[in-house]
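What follows is each chain in one-letter form.
Number of protein chains: 2
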Amino acid sequence: MIDLNRRGLVFAAGSAITISAVGLPVLAATPGRKLGYAIVGLGGYGLGVIIPQFKNCQHSKLVALVSGDPVKAKRVAAEYGVPERSIYDYKNFDSIKDNPDIDIVYVCLPVSMHAEYTIRAAAAGKHVMCEKPMAVSSAECEAMIAACKKAGKKLMIGYRCHFEAYNLEAVRRARAGEIGKLRYFRSEHGFTTGNPNAWRLKKAMSGGGSLMDIGIYALNAARYMTGEEPIAVYAKETTDRNDPRFREVEDMIEFQLEFPSGVIGSCMSMYSANQNHVLLVGDKGRIDMEPGTRYDGNKLWVGQDRSNPITPPPGPGATQWAGQLDHLSLCIINNKEPIVAGEEGLRDIRIIEAVYRSAREQKRIALV
Amino acid sequence: MIDLNRRGLVFAAGSAITISAVGLPVLAATPGRKLGYAIVGLGGYGLGVIIPQFKNCQHSKLVALVSGDPVKAKRVAAEYGVPERSIYDYKNFDSIKDNPDIDIVYVCLPVSMHAEYTIRAAAAGKHVMCEKPMAVSSAECEAMIAACKKAGKKLMIGYRCHFEAYNLEAVRRARAGEIGKLRYFRSEHGFTTGNPNAWRLKKAMSGGGSLMDIGIYALNAARYMTGEEPIAVYAKETTDRNDPRFREVEDMIEFQLEFPSGVIGSCMSMYSANQNHVLLVGDKGRIDMEPGTRYDGNKLWVGQDRSNPITPPPGPGATQWAGQLDHLSLCIINNKEPIVAGEEGLRDIRIIEAVYRSAREQKRIALV
Chain A
5 MIDLNRRGLV
15 FAAGSAITIS
25 AVGLPVLAAT
35 PGRKLGYAIV
45 GLGGYGLGVI
55 IPQFKNCQHS
65 KLVALVSGDP
75 VKAKRVAAEY
85 GVPERSIYDY
95 KNFDSIKDNP
105 DIDIVYVCLP
115 VSMHAEYTIR
125 AAAAGKHVMC
135 EKPMAVSSAE
145 CEAMIAACKK
155 AGKKLMIGYR
165 CHFEAYNLEA
175 VRRARAGEIG
185 KLRYFRSEHG
195 FTTGNPNAWR
205 LKKAMSGGGS
215 LMDIGIYALN
225 AARYMTGEEP
235 IAVYAKETTD
245 RNDPRFREVE
255 DMIEFQLEFP
265 SGVIGSCMSM
275 YSANQNHVLL
285 VGDKGRIDME
295 PGTRYDGNKL
305 WVGQDRSNPI
315 TPPPGPGATQ
325 WAGQLDHLSL
335 CIINNKEPIV
345 AGEEGLRDIR
355 IIEAVYRSAR
365 EQKRIALV
Chain B
5 MIDLNRRGLV
15 FAAGSAITIS
25 AVGLPVLAAT
35 PGRKLGYAIV
45 GLGGYGLGVI
55 IPQFKNCQHS
65 KLVALVSGDP
75 VKAKRVAAEY
85 GVPERSIYDY
95 KNFDSIKDNP
105 DIDIVYVCLP
115 VSMHAEYTIR
125 AAAAGKHVMC
135 EKPMAVSSAE
145 CEAMIAACKK
155 AGKKLMIGYR
165 CHFEAYNLEA
175 VRRARAGEIG
185 KLRYFRSEHG
195 FTTGNPNAWR
205 LKKAMSGGGS
215 LMDIGIYALN
225 AARYMTGEEP
235 IAVYAKETTD
245 RNDPRFREVE
255 DMIEFQLEFP
265 SGVIGSCMSM
275 YSANQNHVLL
285 VGDKGRIDME
295 PGTRYDGNKL
305 WVGQDRSNPI
315 TPPPGPGATQ
325 WAGQLDHLSL
335 CIINNKEPIV
345 AGEEGLRDIR
355 IIEAVYRSAR
365 EQKRIALV
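Sequence order for the protein chains is A and B. The numbering of the first sequence is my numbering, which starts it at 5 and goes up by one. The numbering of the second sequence is my numbering, which starts it at 5 and goes up by one.
Check before you lean on any hint, since a few could be wrong.
One copy or two, either will do: identical chains are not told apart, so a pair holds if it fits within one copy or between any two.
[As the list claims (entries may be wrong)] Calculated cross-link-like contacts (lysine to aspartate or glutamate; reagent style EDC-like; alpha-carbon spacing at most 16 Å):
#, residue 1, residue 2
1, Lys185, Asp244
2, Lys185, Asp247
3, Lys65, Asp105
Calculated directly from the structure, the hints in this document are not laboratory data.
All chains, full assembly: derive it from the sequences and hints.
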């Protein structure tokens, strides 16, 4: 019981947000209650990844769908036992306010639509889980936070790694001093993107390229692994604008983060090569994860090299997504702030904006 | 026979220096001749590492010693069969000009003494092998190159990794296109330095901290692995000046290299943590070495991850040092330029100067 509480605390160290640990005492106190989620967007992530996870949840259930494709929505509703009256489209979305089954709206849409649907959901009196990146700009993030605050509703960003067993164990060991004084952090996140017509490659819908999509994992890991907030960034971008995939968004961007303690972070984001690596080096050893932030198959080594593979204790949920979904449900039940609230998403977007500016201006950007 | 020639060629690709491949045909043509080396400096590297390597050489032999410690010199001479008349100190060093046994002077001294002893050796009519880093400044490097040129003598810098089997195999595979189009390079090199009184930590003797000593491996690898010369650098330094080890020189410095093709290099140099890693990522896979540049025990993987460990074919010598020592001997015998001539050392020092300047001024420095 202590373990999960400690984890919640250590994981969010360095965050300015209110820290609310999800602990077994809370879980034990509310065994029967499940809050209802409406999934907005039946694309690859919402339909393929999130919806199948409700079966692993203790405090969350699927109760509604929002989609522009009525045939698909009807099929999914039938498969997952969602009543037809709880299927919405983007026109009648606001009428969710009249559906008491829906406690939480999970926004799984292209990034450009996050702000609109978060704000509309809050206005409809619903709590919101919004996928990362939070929005296409920090101004939008601020508007989302303000809207949820005004409505008195929780806002959480879908940072699944904060509920993933290997990452939790890595953070726990870093905070416990197992690798000594932290010296530097490094992460590469990239994959080879294919279809040039994907919405992720359209700047108006995605807000940016690999950094918004996959590099954000490196950035977020830099913050949770070190437990610090960067004070300056420097970035270099390489994009072949003749490549049809990269007419609008960046391919590859390398950014260096300066942390107040002197720890240096170095992160690579790519749409043209496959990498998934998280490394934290201290003066006594290192914490190494490769892959580090995948859906599954993550690996962790602690020590001088890879001779000591670690199998972490279970995370707070049966899966990282179950942990994530139930965390928001429990925060609502217990009136606590999520450990990855809107402020966490805003923080990443502000740094991402500075990274883009640094790459554009070829200079160091101090973060205020 | 083809293999070694090809290696010599591919390894030096991207260099502006004259390329001279060391091949078996040359070795076969001169089986009996061994050139004589004088080792200057009987410290850890000269005495502990280089001198024991002559037994592995085909074209090089130990014929003279230069040391400020006559007792030590006499003992080493006796052990390795060097005649007493071929023991010198720093005062009578220039009289090596009268010793026909000495073909090559190997300068294994603190960095601040490299220029003086290289120039004096050339003036004495000897070829020179000089340890890396070449000198404390690019101005000194230029003077060393000019002195050897004026004397009509070869100058080679002790870049042992250019003769190390794993690194040669890594370069060969990169040039052969095994990982596709190159995207980025990364290397960390560091170790935990101990004794605050070591000459390496005295700026007047070392010219700088971890970057001059160990980070230069990352920099040099960035150049030989990509086969490109950087066009700009950006660097961030972290040094605790209250640590007695780091009163004069830097501890940790992270530098980013921009290459003309768009490849991005990211290198970390440290005196406060142990790392030895070389990674080259392409759009079809990666070449991964960890450790990558050690005296022995290096490892190499090629592919998507570490599932495919590579055992490379033998390098050009029985060991990386034998390959290095014999390379200069053969270049002299065949009147070819070393693949790591003075110009190679100068190139690294110029980049190192730009890295230091970037860290100092917190801005991107273009390399001219």
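Where does the structure disagree with the numbered hints, that is, which hint numbers, in rising order?
-> none
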